[in-house]
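Colleague: Following the hints, put chain B in place on chain A, whose structure we already have.
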Amino acid sequence: MSQFVRFTIDGTECMASRGQYLVDAARENGVFIPTLCNYPGVKPKGSCRICTVKVNGKLMTACTTPVAEGMNIENESADINELRKSIIELLFVEGNHFCPACEKSGNCELQALAYRFRMMVPRFPFQFPNRAVDASHPRIIKDHNRCILCKRCIRVITDESGRSIFAYRKRSASVEVVVDPKLGKQLTEDLAQKAMDVCPVGSILVKEKGFHVPIGERKYDKVPIGSDIENMQSTKI
Amino acid sequence: MKTGAQRILEKYGKDKTRLMDILIDVQNEFGFIPREITVQIADELGMSEVDVDQTISFYHFFSQKPTGKYHIYLNNSAVANMMGRNDVAAAFMKELGIKFGEVTPDGLVGLFETACIGMNDQEPAAIINNQIFTRLTPFRAKEIVRDIREGKSVNDMFVQDWGDGENRSDLIKSVVSNNIRKIGPVLERTFTAGQAIDKLIKMTPEQVIEEVKKSNMRGRGGAGFPTGLKWEFGRNAKGEKKYIFCNADEGEPGTFKDRVILTERPRLLFEGMVIAGYAIGATEGILYIRHEYKYLQAHLESILQMARDANYLGKNIQGKKGFNFDIRIQFGAGAYVCGEESALIESAEGKRGEPRDRPPFPVEKGYLDMPTVVNNVETLCAVVKVVLNGGEWYKSLGTTESTGTKLLSISGDCKFPGVYEVVWGFSINDILDMVGAHSEDVQAVQVGGPSGAIIGRNEFNRILGYEDLATGGSLIIISKHRDILNDIVLNFMDFFIDESCGSCSTCRITPTLLRNKLLKILNARGVKQDIEDIVEWGKILKASRCGLGQTAANPILSSLKNFRHLYEEKIQKNKEYDCGFDLSLAVKESCQVTGRVPNI
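Chains as they are written, first to last, in this note's numbering: chain A, 10 to 246; chain B, 223 to 822.
It cannot be assumed that every hint is accurate.
Claimed, not checked - Here are the simulated EDC-like cross-link-like pairs (lysine to aspartate or glutamate), alpha carbons at most 20 Å apart as the crow flies:
| id | chain 1 | residue 1 | chain 2 | residue 2 |
| --- | --- | --- | --- | --- |
| 1 | B | K316 | B | D265 |
| 2 | B | K617 | B | E410 |
| 3 | B | K764 | A | E98 |
| 4 | B | K287 | A | E185 |
| 5 | A | K67 | B | D328 |
Stated by the list, open to error - Here are the computed distance ranges between Cβ atoms for each label pair:
| id | chain 1 | residue 1 | chain 2 | residue 2 | range |
| --- | --- | --- | --- | --- | --- |
| 6 | B | A520 | A | Q29 | 18 to 26 Å |
| 7 | A | K179 | B | E662 | 21 to 29 Å |
| 8 | A | Q202 | B | L741 | 38 to 46 Å |
| 9 | A | V51 | B | E428 | 36 to 44 Å |
Read the hints as simulated data drawn from the structure, not as lab findings.
Note that beta-carbon positions come from the ideal geometry of N, C-alpha and C, so glycine has one too.
Here chain A stands alone, though its shape is the one from the complex (with noise of 0.2 Å):
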């Protein structure tokens, strides 16, 4: 069997390796597939369901999805550009977010996406949850009011026995992502600056610093997000 496959991307040819996800598959060709609970090197798990492609005329999430031969791949349609922007509006009216006030701002792929899908108002009404903001660990904030729920942190970040430091508590519209009481406490300052990093979104934050880049200068105040997989298309060509 051949390491390579060739599929479309909305009617482009493309090649890459077999078995890799698609978002990576279509990053190599220059495609952006916009992704939010999706974290580089961590198995996927699909949750926001941002990446959603038609596999085939199927609704697949593109991140946990692996390439094959064949595949036709729809990827910039009205109706997933639709999906897709529905998905964000909802991300916005589930939780508590005002970008002028979060020290994300600017760096946050939930705003990056929002601008990028041309974001006005949510067609959804707002749902102004009543949410706490969890400052007892030393080291960082929880700030449930901005959490959108990836499980990115929960994922990334855990102890070197592998155990959870953030998980989910309940289910359905009542789950949350919440700090060990004991592990948090441990946690170091290394361990405290990733677990800010890896969050998409304002909703972890390192305690005592901020603002350090200015709003302005900050990773997609300038350049769209996923300009950059689409820019290397065009040194490429």
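Modeller: Chain B alone, transformed into the frame defined by chain A:
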């Protein structure tokens, strides 16, 4: 207290994949799962506290607060409400002086709501300390509370005679009735344990799979995947150990056929698991049962023991060298989503019942990452008859696309609610005649539970089968005097909202928004735009990972499709659109605080 938890941990070999069993035992022994035991479990199993907590907090029947010496879980399903559950609920609240979700100040009684408990044919029903109480009335509620106050044990609180069949046996002693109304080739009485196994061991596994393929049988859980093909994948999958799972989670509101099979035909079911194990080369079978059926545990364990004693389970079964297979029972703890096969596997591994991403499918990588075949209770019973009578025989029953028979769980507004085994190919009209419902009195039939469809009279000539109206077997009959939107649709939406695992953004958020739209319409504040929004927003759920999420809008979408006039009657006329913002409501709280009167 510590010693109790320690004993339970040791019983399961301090194996963290058995966390469900550990927690169930702790819950049963202490009435709740105290924080210090959570910490103890975490330490002993090498997990963090939040690791254990995420499993505990996922399941409805695990509690982190005391639930009372007596805990009453009253069913709140749509059919329970139709049968007078609200009056029973009011009586319990009045007699106990507490609301649902509370425990009496003396710690004696806890009162809780619970989703469909699989007793739709004898509602209103409740689970009190793992025992089932059916056909409740406000009077019975009063009596039960009196008995509790007198310190009677749950088993002494029954005033009804025991139910029918095995429900009367010493190991069950329950007031539950089977209500088997029609017996067919699967439920037939003549089956003798071991019959099929004796025939099985003279066949090769490939021959067994071939017979099942020949029968054209499709999975009876609802999804309808061809059983023979699933087994072939399982047989061909590579792994050092393989597993057969029987899915007895039966959580779809309105279905209760598996309850009846587990009560009356467990030998048949276990034999089906042995056949499946032989066919795919599995050595272990796991019967995953919903917690609501815990009252059947002793009965099922004793049948398993009898099978072991007769060497229908165990090593070198019936002298066939190398044919080793045994079965263990895994209980759930209250989560509808665990009926989804990959969520069921996660749960059996001691985790939250969150569905997995596919691929890989469970047949390649399932329980403990080993090849796993998950079959429905009814499917496994039917394969026994295929082995005994041949695939051709099975295929001769039913229709071309839908071979064999189907067990229907029928409830709601009819004379004879219960379980009916019919060959595929009946129309809804036939069914209504069969169960004693006059089709002119019937307004609608809910086919396949909340995740299915609600159909009106113009569709009663449709045929049950994969080619037309596919169903996992639940039919709820809704008479003319019911309010479909209030009594059925709203109840089903609340159900889906509670039962979402919460992992997919789409399924966690959208059903609540849809329910709020429905409420707006029911409160006479709806506009035309709301109906259009419902249709559009409902599509988002199709992007969810599992069947629960993908069908979570079905109650609204299918009632809107088939009973659109009910929605249109309730919206404001001559108003196409509103901004959805109510200024007086928005300033209400601040006005209350400041004492101002809004100047609007």
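Colleague: Determine for every hint whether it applies to the structure shown.
Modeller: Consistency of the hints with the structure:
| no. | hint | verdict |
| --- | --- | --- |
| 1 | K316/B / D265/B | violated, 43 Å |
| 2 | K617/B / E410/B | holds, 18 Å |
| 3 | K764/B / E98/A | holds, 16 Å |
| 4 | K287/B / E185/A | holds, 19 Å |
| 5 | K67/A / D328/B | violated, 56 Å |
| 6 | A520/B / Q29/A: 18 to 26 Å | violated, 51 Å |
| 7 | K179/A / E662/B: 21 to 29 Å | violated, 46 Å |
| 8 | Q202/A / L741/B: 38 to 46 Å | holds, 44 Å |
| 9 | V51/A / E428/B: 36 to 44 Å | holds, 41 Å |
Hints 1, 5, 6 and 7, counting from the list given before, are not met by this structure.
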